[in-house]
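Novice: Now for the letters of each chain:
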Amino acid sequence: MIERICGICSHAHTTCYTQAVEEALKVDLPPRAKYIRTVVAELERIHNHYFWLGILAHEIGFDTLFMYTWRDREIVMNLLELISGNRVQYAMNIIGGVRRDIMPSLSSEIMKGVKILAERMTYYKKVCLDEKTILARCVNVGVLKAKDAISLCAVGPTLRASNVRRDVRADDPYAAYDEIPFHVVTYDGCDVASRIATRCDEVLESVKIIRYALEHLPTGSIEVIVSRVVPSAETIARVEAPRGENIHYLRSNGTDKPARYKVRAPTLANLPALCRMLIGGYVADIPVVIAGIDPCFCCMDRLAFADTNTDKTWSWEGERLRKYGVKWYKKK
Amino acid sequence: MVQEEIVRIFQILFFPGFLFLVLAAFFYEWVDRKFVARLQNRLGPLHTGPMGLLQPFADFLKLLSKEDIVPGAADRLFFSAVPIFMLSLPLTALFCIPIISSVALVSFEGDLIFVIFVTTLFVISVFIGAWSSTNRFSTVGGMRACLQMLGYAVPMTVAMIGPAIVAKTLSISRIVQWQTTGLWFVLTQPLGFAIVAICFLAELQKIPFDIPKAETELVAGWLTEFGGKKLALLKLAEDLNFVLAGSIMASLYLGGASGFWFAPPFVWFIIKLTVCTLILSNLRALFARFRIDQLMRGVWKYLTPLALLQIILVELIPW
Numbered sequence: 000m001i002e003r004i005c006g007i008c009s010h011a012h013t014t015c016y017t018q019a020v021e022e023a024l025k026v027d028l029p030p031r032a033k034y035i036r037t038v039v040a041e042l043e044r045i046h047n048h049y050f051w052l053g054i055l056a057h058e059i060g061f062d063t064l065f066m067y068t069w070r071d072r073e074i075v076m077n078l079l080e081l082i083s084g085n086r087v088q089y090a091m092n093i094i095g096g097v098r099r100d101i102m103p104s105l106s107s108e109i110m111k112g113v114k115i116l117a118e119r120m121t122y123y124k125k126v127c128l129d130e131k132t133i134l135a136r137c138v139n140v141g142v143l144k145a146k147d148a149i150s151l152c153a154v155g156p157t158l159r160a161s162n163v164r165r166d167v168r169a170d171d172p173y174a175a176y177d178e179i180p181f182h183v184v185t186y187d188g189c190d191v192a193s194r195i196a197t198r199c200d201e202v203l204e205s206v207k208i209i210r211y212a213l214e215h216l217p218t219g220s221i222e223v224i225v226s227r228v229v230p231s232a233e234t235i236a237r238v239e240a241p242r243g244e245n246i247h248y249l250r251s252n253g254t255d256k257p258a259r260y261k262v263r264a265p266t267l268a269n270l271p272a273l274c275r276m277l278i279g280g281y282v283a284d285i286p287v288v289i290a291g292i293d294p295c296f297c298c299m300d301r302l303a304f305a306d307t308n309t310d311k312t313w314s315w316e317g318e319r320l321r322k323y324g325v326k327w328y329k330k331k
Numbered sequence: 000m001v002q003e004e005i006v007r008i009f010q011i012l013f014f015p016g017f018l019f020l021v022l023a024a025f026f027y028e029w030v031d032r033k034f035v036a037r038l039q040n041r042l043g044p045l046h047t048g049p050m051g052l053l054q055p056f057a058d059f060l061k062l063l064s065k066e067d068i069v070p071g072a073a074d075r076l077f078f079s080a081v082p083i084f085m086l087s088l089p090l091t092a093l094f095c096i097p098i099i100s101s102v103a104l105v106s107f108e109g110d111l112i113f114v115i116f117v118t119t120l121f122v123i124s125v126f127i128g129a130w131s132s133t134n135r136f137s138t139v140g141g142m143r144a145c146l147q148m149l150g151y152a153v154p155m156t157v158a159m160i161g162p163a164i165v166a167k168t169l170s171i172s173r174i175v176q177w178q179t180t181g182l183w184f185v186l187t188q189p190l191g192f193a194i195v196a197i198c199f200l201a202e203l204q205k206i207p208f209d210i211p212k213a214e215t216e217l218v219a220g221w222l223t224e225f226g227g228k229k230l231a232l233l234k235l236a237e238d239l240n241f242v243l244a245g246s247i248m249a250s251l252y253l254g255g256a257s258g259f260w261f262a263p264p265f266v267w268f269i270i271k272l273t274v275c276t277l278i279l280s281n282l283r284a285l286f287a288r289f290r291i292d293q294l295m296r297g298v299w300k301y302l303t304p305l306a307l308l309q310i311i312l313v314e315l316i317p318w
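Protein sequences, first through last, are from chains Y and L. Heads up: the first sequence begins at 0 in numbering that gives the first Met the number 0, then just goes up one per residue. Heads up: the second sequence begins at 0 in numbering that gives the first Met the number 0, then just goes up one per residue.
Some clues are possibly wrong.
Partner residues are not named here, just some residues of chain L that face chain Y (Cβ under 8 Å, in silico) [to be verified]:
(1) Asn-40
(2) Arg-41
(3) Thr-215
(4) Glu-216
(5) Arg-288
(6) Gln-293
No wet-lab data here; the hints were simulated from the structure. Every residue, glycine too, gets a C-beta built ideally from N, C-alpha and C.
Can you make the complete structure from the sequences, with help from the hints?
Specialist: Structure (structure tokens):
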């Protein structure tokens, strides 16, 4: 269920969920499981950033770059398939560990794959920052100053491209990020071009993290047995998804079903900042700026009603909506 | 006498008239698609016919068989007339281009001006089509098409006059004939050739100047409301326009249909036309889309002065 929130960040959401549940159950993860979660999370970040670069190139009409990045995206998807058996919905996390182990042979495959990915991304970064037509469409477009970025609660690469050094991986380490040295990428351009540069550098940083994690992979089991009795508890988990910070809130009341579960996905957090970026821009820049925050429309699914004739807006709870649906179909 | 008339009718209807031009339009759409696909590391059309050669024709037939929809708010007369009008324009202009010999089917003093005029009319009909479909995306697309024309029309016309000045004629056929004795104009006026190539990208609304139908901004721009038969005709008109652009470049700058060495003029014309279309396709795969204000600034700041410079150079240098 949690995995289906988002296609691209499926691992980030499940990591966040399992962390919330593990905290409620007071489980300590074995170190090997933590490292494997980190490796998959970083591969997912590489996947997402390649995907995003292609989308952005398509938005500014540079279809050649779009085709090239999506071709190279296949490499990382194949690696994820080798690890988890799936290309998109990895289903790697279980409460108390991970589902599959990374064997040494697989580890060398991953090393080979990320080497190519790093080379290609270095090249794409050079293309994006040298090509005049791309720069013409991206520099000083969708400007978000650092002050606004903080006050409007932007997250993820959007925030870091406005020169704010905030990253859950560094600020509130989860999984194995407290043991792996890495660098939080920031750029001070505050525009779409620096968002490109931030994400390109993040891919290179992810490659370093994966290499370190695979070289220092601890031995031991990949999961622990957890008790099926859930105490009543209230926990919050944070994860740095490729698009920004994920927050999952869990309240349990002692039964095996959560009493309340709330997900705050990164796109929703970036929306106020997006509204600020669009002010004073050209119509032709709207797609680029919207693509610049890496929007995920399933991440920000909220249901609201609007009557265009009376300008009235309202929202319904699930039960009310269900009743309305039943009535509508009966009438039909 | 009668035989001459029959030959003439054959030429107009089949070769190098309507049938040949339509087939050439399909063929060069395939060349464009396949070439760009290979540049982008894709396969391109593959399954219909040998190497997907029949794909553009299959697309055309598919569109013809679809339901014909006219939006309720649209101006029916203009909305229906625009595709037909637009299809007739490049066909008319192509009759002025020499294809099988160095004399075109229709050739008169001043047909260069006529062809330039027809390419401008194309944009006017884009605007009428956009306006009559009353869709907001179409309207913005039509406005952008007109604005864009205000930018590229001036340098394109100025640059195309360059060969005419040297050959001392405004007829495309005579310019082609002049080049059989003299040097090709691409050698003496490379700047003019480059300007015309860039302006044709804008005229054909191809990347980086596909601003009027920017897919990610305006759905399909001025084409948004057209569907079925109308879209099929419009696509064919665009393909013909692509052929027209390539053949103008080939005729004015590469010597056009002139016999050389072993092959007849027609073969040389096809080779040159293919080279020109490949140039246009290649440029298309290299850039991101410009914004309309960036295009206008670039065109007025750089292309127009360069086109004027080319004319001055033509006046200064005798060949």
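Novice: Against this structure, judge whether each hint is valid.
Specialist: Taking the hints in turn, this is what the structure says about them:
no. : hint    : verdict
1   : Asn-40  : holds (6 Å)
2   : Arg-41  : holds (6 Å)
3   : Thr-215 : holds (5 Å)
4   : Glu-216 : holds (6 Å)
5   : Arg-288 : holds (3 Å)
6   : Gln-293 : holds (6 Å)
Of the hints listed earlier, there is not a single one the structure fails to meet.
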